[in-house]
Amino acid sequence: MDKMPKWADVALIPFLNLLIAFVLSGLVIFAIGENPFKALMTMIDGAFGSTYGWGYTLYYTTNFIFTGLAVSIAFKAAMFNIGGEGQAMIGGLGVGLACLFIPTVLMPHWSIALIFAMIAGGLFGAGWALIPAYLQAKRGSHVVITTIMFNFIATALMGYLLIKPLKLKGAQESASASFPDVTNLPTLHELLAPLGISFSKSAPANVSLFVALAMCVVVYLLMNRSRLGYEIRAFGESPTASVYAGISPTKIIIVAMMLSGAISGLMAINATMGQHERLILNAVEGAGFIGIAVALMGRNHPFGVLLAALLFGFLYQGGSELSLWSKIPRELIVVIQGLVILFTGALDNMVRMPVERMFIAAAKRKDA
Amino acid sequence: MDFLTIVQIADSALRLATPLLFACLAGLFSERAGIFDIGLEGKILVSAFMAAAIASVTGSVWLGLLCGVFASISFSAVHGVASITFRGNQLISGVALNFLASGLTVLAAQAWFSQGGRTPPLMGKGRFPPIELPFALGKSDAEAAGVPLRVLIDQANPIQQVYSEFISGHTILVYVALLMVPLSWFVLFRTRFGLRLRAVGENPAAVDTAGVSVIKLRYASMAIAGTLCGLSGVYLATGLGAGFIKEMSAGRGYIALAALIFAKWKPVPALGATFLFGLLEAIANRYQNIDLGGIVIPVQFMQALPYILTVVILAGFVGKSVAPKAGGQPYVKER
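Read top to bottom, the protein sequences are chains A and B.
In case it helps, the numbering used here puts the first sequence at residues -3 to 364.
In case it helps, the numbering used here puts the second sequence at residues 9 to 343.
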């Protein structure tokens, strides 16, 4: 035997990676003079202790499912899409334009508005990923650099639009007018009330959560049960072999990046349409970047992404509660995020190599 | 626009270009040795924080410089361990380090100073003082003449204006940064070490065959990159600014990467590229909206211009920019 059992690869190594990241996070909390266990308790209570907490946790989770899936599709094609942040921003622009400018006559119900918004958000997000994808496919310009640049360009563009053309006349804030009422998505409170379940009224979790869950299934089917998914995975595993198999690299790079951008853009139905109900400057709040951590932690599998998104949803909501009740600032989440990316992504081999050696040694001993 | 205004914009461009230049040269050493360094941003940030924190606690900007550079080198070391020893993905490692820097600096600043993620403003010996070159108009001349310095420079002849405003009166790190350009060129293109470093970025197997350690060379490049990036952060907090503010690097690490591509991974063009980007920032700072005969260019466009230019360059429309061949690939020794 020269390989590890599958369970070790799928569960044990990610678990060990996470454990190291979390132990180090605990040490960071300890180093700034706070009690890590008390902090963890505050976070758990804040995120899961009430339906209000759950409402926020699930709201963040929804964002991270979209961005995590987006990054994971690009990863499958061996591409690193750091542009989720910008794609989600521009997706938000699409959703916002749809909500503001499609006449309400055409949108008699929120579900129809949602479909329009999804189409617009997806197209805008995919469009924002198209230029980096095209440059990578045709000109060989590194997609990592171009998507970073496009994040900054997106920020500048949104800044311009919300200070000049789209800004609500006479308002102080850089934000658009509020969307028409019919486009407001039902929150979990409204969805669960008919079932006799009482859920916090003020929490932002909304029907987009179910769209996100459905998206996990769609991405799973697409990647594992369709010809396109097979081609994307084949290209990601070995570009040269896939070319021999008649797969066009240009097509795969562009399609995978645009799918990735579209799903990032869909995040806006949760944040822009579901929560803010108008266009604001920073609706994405770094969720595009968290998608990287979520995809790495979830091992690029939709179910893994779902679990990782829930974990980061917990960290986000727990972290903001923590900053209310203790002296630990919200930025703790960014530290944890960095450590998770470092240990599950870049330093994966640090854990993998010794564990692999251990398993092989154990197997040899059994053989002897 | 009169001549003095142009000189003043150039002066401000030089100041704004300095942190970019340090970071760009840091990226140059790293990428020439075959290691992508997206973590420039994070290294600038940790170094800026440590420099400001130590300078504010001890009152010595030189101790601050030392600690800032040390912080940046330790981040470089983590990047080295991840991407050289454990052959991890260099891009992912860089992204992780950026997040780590962005979070840790605020956490530490809050724990030490409790001022909402910033350090107390630096004063006196906590900052680098401007250096007045000989024959330049400075504070002492203004006092002797009994008029404000601005008036004195306004009345001077154009050559004196350029000399006093643009060339003289910067902190020592600006001159160090400018000096680093020929020095980097010399090290990379005229020494044995530089030849080997460049070779490691193009064809590490060949370097290994010649009996030179790829791993040692790559770690050396990480150390150099860490030092230069550290200086960038130190200048940001103690020269350009006066203290650390949360997220004060503000994307400069990425602009430096953009400048590196613009400069086609060469030291002298790096000076030109970073000065250009500094100039764009200086113009955007000075004029909010630029009116070009009826067409108004919004300030956001100026802010986005470095990124747009980089994409255009990357697209190959303005001359091709080719990265070192072995960039981003961990080296696995053959057995």
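A hint or two may mislead.
Said to hold, decoys possible - Sample of chain A residues at the chain B side, in silico, Cβ under 10 Å:
1) Leu218
2) Arg295
3) Asn296
4) His297
5) Gln333
6) Val351
7) Met354
8) Ile356
As the list claims (entries may be wrong) - Per label pair, the in silico range of CB-to-CB distance:
9) Phe206(A) with Ala231(B): 48 to 58 Å
10) Phe201(B) with Lys134(A): 51 to 61 Å
11) Tyr216(A) with Ala213(B): 18 to 28 Å
12) Lys247(A) with Pro138(B): 52 to 62 Å
13) Asn211(B) with Tyr48(A): 16 to 26 Å
In case anyone wonders, no lab produced these hints; they're calculated from the structure.
Ideal Cβ positions, reconstructed from N, Cα and C, are used throughout, including at glycine.
Subject >> Restraint satisfaction for Asn296(A) [CB to CB of chain B, less than 10 Å] >> reply: violated, 13 Å
Subject >> Hint check, Leu218(A) versus chain B [nearest Cβ-Cβ separation less than 10 Å] >> reply: Cβ of Leu218(A) sits 24 Å from chain B, so the hint is violated.
**OP:** Evaluate the given range 48 to 58 Å for the C-beta pair formed by Phe206(A) and Ala231(B).
**Re:** Check passed, 52 Å falls within 48 to 58 Å.
Original post:
Minimum Cβ distance from Gln333(A) to chain B below 10 Å?
Top reply: Holds - the Cβ of Gln333(A) comes within 10 Å of chain B, reaching about 5 Å at its closest.
Subject >> Satisfaction of the hinted span 52 to 62 Å by the C-beta atoms belonging to Lys247(A) and Pro138(B) >> reply: holds, 57 Å
**OP:** Take a look at whether the Cβ-Cβ distance between Asn211(B) and Tyr48(A) falls inside 16 to 26 Å.
**Re:** At roughly 59 Å between Cβ atoms, Tyr48(A) and Asn211(B) fall outside 16 to 26 Å, so the hint is violated.
Subject >> chain B contact restraint for Met354(A) - C-beta distance below 10 Å >> reply: violated, 17 Å
Original post:
If you take the shortest Cβ to Cβ gap from His297(A) to chain B, is it below 10 Å?
Top reply: violated, 17 Å
**OP:** Mind checking the hinted window 18 to 28 Å against the Cβ distance between Tyr216(A) and Ala213(B)?
**Re:** The hinted range 18 to 28 Å is violated for Tyr216(A) and Ala213(B), with Cβ atoms some 40 Å apart.
**OP:** Let me know if the C-beta of Ile356(A) comes in closer than 10 Å to any C-beta of chain B, holds or violated.
**Re:** Not OK, violated: Ile356(A) not within 10 Å of chain B, min 17 Å.
Original post:
Was the hint right that Val351(A) lines chain B, CB cutoff 10 Å?
Top reply: violated, 13 Å
Subject >> 51 to 61 Å as the expected CB spacing between Lys134(A) and Phe201(B), which holds or is violated >> reply: violated, 38 Å
This entry does not satisfy hints 1, 2, 3, 4, 6, 7, 8, 10, 11 and 13, going by the numbered hints stated previously.
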